[in-house]
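Residue numbers (this note's numbering), protein chains in the order written: chain A, 1 to 433; chain B, 1 to 433.
Please keep in mind that the hints were generated in silico from the structure rather than gathered at the bench.
The structure presented is a predicted model; accordingly, all values stated were derived computationally and were not measured.
All residues carry an ideal CB built from backbone N, CA and C; glycine is no exception.
Treat the hints with care, since some could be wrong.
Calculated lysine-lysine pairs in the DSSO-like style (CA-CA distance at most 30 angstroms, straight line) [said to hold, decoys possible]:
1) B:Lys330 to A:Lys121
2) A:Lys153 to B:Lys21
3) A:Lys172 to B:Lys238
4) B:Lys153 to A:Lys53
The following label-pair restraints were derived from C-beta to C-beta distances [claimed, not checked]:
5) A:Ala192 to B:Lys153: 29 to 39 angstroms
6) A:Ser368 to B:Asp281: 34 to 44 angstroms
7) A:Gly13 to B:Pro86: 48 to 58 angstroms
8) A:Glu351 to B:Glu67: 49 to 59 angstroms
9) A:Ser380 to B:Thr335: 54 to 64 angstroms
10) B:Thr335 to A:Arg151: 25 to 35 angstroms
11) A:Lys387 to B:Lys172: 29 to 39 angstroms
Beyond 10 angstroms from chain A on every Cβ pair, some chain B residues (computed) [unchecked claim]:
12) Glu262
13) Lys353
14) Ile431
Protein chains: 2
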Amino acid sequence: MKKIINLGLIGLGTVGTGVVKILRDNLSLIEKKAGTKVRIKKICDKDFKSSRKIKVDKKLLTGDIAEILNDPEIDIVIELIGGEEPARRIILEAMKRGKHIVTANKSLLSKHWDDIFSSAKQNKVAVYFEASVAGGVPVIQSLNEGLAANRIKSILGILNGTTNYILTKMTKEGINFKDALKEAQKKGFAEANPELDIEGIDAAQKIAILSSIAFGAWINPGEIFCEGITAITKEDIKYAREEFGYILKLLATVKNTDREIEVRVHPTLVPVEHLLASVEDEFNAIYISGDAVGETMFYGKGAGQMTAASAVVSDIIYLSRNVYNGIAGKVPYVTYQRDKKVRIKQIDKIETKYYIRFSTIDRPGVLSKISGILGENNVSIASCYQKERAVSREVPIIMITHKAKEGDLQKALRQINQLSVVRAKSKFIRILD
Amino acid sequence: MKKIINLGLIGLGTVGTGVVKILRDNLSLIEKKAGTKVRIKKICDKDFKSSRKIKVDKKLLTGDIAEILNDPEIDIVIELIGGEEPARRIILEAMKRGKHIVTANKSLLSKHWDDIFSSAKQNKVAVYFEASVAGGVPVIQSLNEGLAANRIKSILGILNGTTNYILTKMTKEGINFKDALKEAQKKGFAEANPELDIEGIDAAQKIAILSSIAFGAWINPGEIFCEGITAITKEDIKYAREEFGYILKLLATVKNTDREIEVRVHPTLVPVEHLLASVEDEFNAIYISGDAVGETMFYGKGAGQMTAASAVVSDIIYLSRNVYNGIAGKVPYVTYQRDKKVRIKQIDKIETKYYIRFSTIDRPGVLSKISGILGENNVSIASCYQKERAVSREVPIIMITHKAKEGDLQKALRQINQLSVVRAKSKFIRILD
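Model the full assembly from the supplied sequences, consistent with the hints where possible.
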């Protein structure tokens with residue numbers, strides 16, 4: 001039985017520094033919970049010159065990754081450099097040498113799930129990754145363990161703090177997307193290049209991870225339908241809320257339907273009385289339905305130095321305990337079958353309710369023409385709102401549909417967009433049902 | 001290494017039946033996650049005649065508890081009879097014989113924490129109890145593991161579904177307490193004798209459990225200040241919401257202050273924009289602040305057959321895995337020191353904001369008299385609402401205070417209640433801050 005668990009930390013950036021801080025400040029609590037002593041033996045980074053606002057014993061520091069990989073005393077490698085390479089190579093190499101992994105790397109995990117968990121199984125090591133989704137909120141562990149008795153029916157997630165912050169600003173202050181993005185960048189909630197966030201790619205990677213756990217098979221994020229928030233206007237947010245009682249969120253959805261998994265990321269109108277509608281600013285929330293537990297929700301900050309470090313250190317505690325007891329890697333944390341294939345439902349096959357906004361010329365008969373085409377395509381209208389005539393002759397007509405097949409809706413909209421009275425491409429937003 | 005993990009189930013009531021159902025319906029999933037075979041070897045109950053709506057092999061059934069306690073093949077005892085005795089004796093006896101425990105028994109655990117966890121430590125067995133708080137919501141595991149890196153700063157809980165249902169009804173339909181209680185009883189959300197729920201005792205037991213985990217020392221529910229919802233009027237709910245933007249909840253609060261733990265259960269006004277204000281009907285929610293993770297919330301149904309059974313079976317899975325790997329009980333699930341004493345802050349020492357309603361005769365100078373007495377007692381007023389003169393000469397004056405010491409407030413109210421212009425005892429409700 002090992003007397004001490006040795007950690008090798010790769011990446012002393014924001015989260016890495018947070019991990020060092022927690023291990024310093026809460027060490028006695030951590031060791032009590034782990035049931036063993038825990039220490040950082042080595043920290044590897046390319047550059048230690050940038051001030052990290054933390055004092056670290058210089059003997060721990062190295063610029064050479066081999067000093068961690070080749071050290072037989074190191075039990076757990078904590079990968080916090082992010083991105084695909086060299087993180088992938090380092091993790092695979094570490095596992096080959098019998099080291100367990102803690103990582104926060106959502107992009108790597110979601111894209112290389114098969115490789116990483118096959119290798120973990122083969123090398124009898126464990127991979128923990130609580131920080132990869134929703135920061136310090138223990139949703140990975142809850143899916144893996146606390147809700148283990150359940151067949152998961154669906155997961156709805158507000159998984160990206162940047163976009164939730166932007167949409168909250170747009171909703172509450174009535175400002176447009178560009179101004180809200182600038183505000184988010186100024187406050188540090190959005191990066192200079194915000195593409196991964198605002199195009200929904202980050203959320204798609206996270207729902208891929210949650211889905212892969214929930215359904216025991218890899219869901220590749222590349223196969224997930226993904227639509228960002230860049231085309232959202234303050235007008236649609238306003239109409240949807242004031243006229244129909246919906247709040248706009250960038251929602252990641254996965255549902256276990258008959259034989260297929262329905263998984264998608266896109267702007268979604270959420271009824272104002274749904275708990276997800278109250279999740280504001282940079283917060284994340286994951287709404288999980290299980291066959292036994294019913295509906296549950298997990299909420300917290302999805303990003304930030306200390307919340308991510310909280311998840312990393314919690315993983316370290318439980319991995320250390322298992323290493324100490326000689327069972328880490330004996331039972332995989334993730335139950336997963338390499339050969340299990342899941343079919344993902346195509347977006348035109350999904351059925352949901354829609355908010356549609358038409359920009360038309362104000363002329364008699366327009367409404368009847370539009371609703372006629374919708375009807376012919378099996379899209380039935382639940383409610384309709386026509387703004388009073390403005391100074392311009394262009395008026396918006398807004399409709400909420402009953403549940404309809406997306407393929408049918410798309411077909412109807414193509415026909416409607418060709419009408420001479422229609423001035424701009426009709427816009428639609430899916431509604432949570 | 002054991003080839004199969006044997007369970008002894010005590011109590012085939014509502015939750016017990018749910019556990020049998022899940023173990024039947026989701027067995028392959030459960031065994032995959034446990035990494036071992038799991039089976040119910042014996043079920044003990046006093047009475048199997050009442051129809052349980054489930055078919056059970058009669059050979060499993062027994063009326064004699066000794067058949068479970070004396071069976072050396074049984075690894076895990078699942079106690080679902082509830083109440084203090086004979087549950088306490090059975091659990092202690094089972095632990096002496098080296099059996100691990102899964103229980104949903106909040107009353108037993110909260111009142112006998114010391115005895116149960118000391119005995120578990122002594123006998124090197126594990127006690128799992130996810131179902132004891134918030135049904136299937138994995139908040140116990142999250143406090144023990146997923147948030148393990150954190151020092152817990154505070155927990156705010158809507159922990160009782162019955163009272164939350166009643167208060168939601170009173171708020172949304174403007175009905176009084178008695179009618180809302182009747183409605184809850186009709187719908188099966190309240191028992192014929194609802195005392196444990198409406199007096200806050202159930203919530204006190206649950207916050208005692210959460211606090212005991214969070215602070216690593218037993219918090220006895222008998223020491224928790226506890227005030228129920230029976231004196232709440234629909235008028236106060238209405239004023240608080242419409243005039244001041246607060247929603248009334250029965251909140252269990254625990255805070256780690258300087259040297260003392262502040263722990264209490266009472267009706268609390270929650271700002272409408274706080275996520276807890278949106279937790280409606282029979283749902284529970286636990287809002288946890290940790291030093292690293294920041295603010296998190298866990299939400300779901302706190303009661304019901306399948307949600308409780310979900311928690312019990314999740315516990316069974318992880319205990320079975322640990323038994324199979326020979327480590328169950330080696331590391332206690334709960335980190336707890338018998339000798340650690342925590343001081344609980346007396347209620348008159350707490351500081352918070354208050355909603356106060358005075359019933360006075362409508363006469364000049366009343367407001368100045370009242371606010372004068374409050375001021376002399378260091379209670380300062382943040383806002384005030386005086387209803388326009390009604391037909392009767394009795395008018396309510398409502399005040400929201402700044403933070404004040406409860407002892408000071410109580411003293412001021414005693415003086416105010418003696419004024420000749422005051423017609424009824426002044427009422428106050430604490431505000432979340």
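Inset, instruction - Decide if the proposed pair is consistent with the structure: A:Lys153 and B:Lys21, CA atoms, cutoff 30 angstroms inclusive. - result: OK: A:Lys153 and B:Lys21 at ~17 angstroms, within 30 angstroms.
Inset, instruction - Kindly confirm whether 54 to 64 angstroms is satisfied by the beta carbon distance between A:Ser380 and B:Thr335. - result: holds (58 angstroms)
Legend entry - Distance restraint between A:Lys172 and B:Lys238, which requires alpha-carbon spacing of 30 angstroms or less: OK: A:Lys172 and B:Lys238 at ~25 angstroms, within 30 angstroms.
Inset, instruction - Just double-check B:Ile431 for me: nearest Cβ-Cβ distance to chain A has to come out over 10 angstroms. - result: holds (19 angstroms)
Legend entry - Range agreement (Cβ of B:Lys153 with Cβ of A:Ala192, hint 29 to 39 angstroms): Holds, at about 33 angstroms.
Inset, instruction - Against chain A, does B:Glu262 hold up as non-interface, every C-beta pair farther apart than 10 angstroms? - result: holds (20 angstroms)
Legend entry - Pair hint outcome, B:Lys330 versus A:Lys121 [Cα-Cα no greater than 30 angstroms]: holds (25 angstroms)
Legend entry - Outcome of range test on Cβ distance (A:Lys387, B:Lys172; 29 to 39 angstroms): holds (31 angstroms)
Legend entry - Hint consistency between B:Lys153 and A:Lys53 [alpha-carbon to alpha-carbon, up to 30 angstroms]: holds (24 angstroms)
Inset, instruction - Note whether the CB distance of A:Ser368 and B:Asp281 lies within 34 to 44 angstroms or breaks it. - result: With a Cβ separation near 42 angstroms, A:Ser368 and B:Asp281 satisfy 34 to 44 angstroms, so the hint holds.
Legend entry - CB-CB spacing for B:Pro86 and A:Gly13 relative to the 48 to 58 angstroms hint: 56 angstroms Cβ-Cβ, so the 48 to 58 angstroms window holds.
Legend entry - 10 angstroms cut-off, C-beta based - B:Lys353 kept clear of every residue in chain A: Holds: least Cβ distance 22 angstroms, greater than 10 angstroms.
The structure fails none of the hints (numbered hints given earlier).
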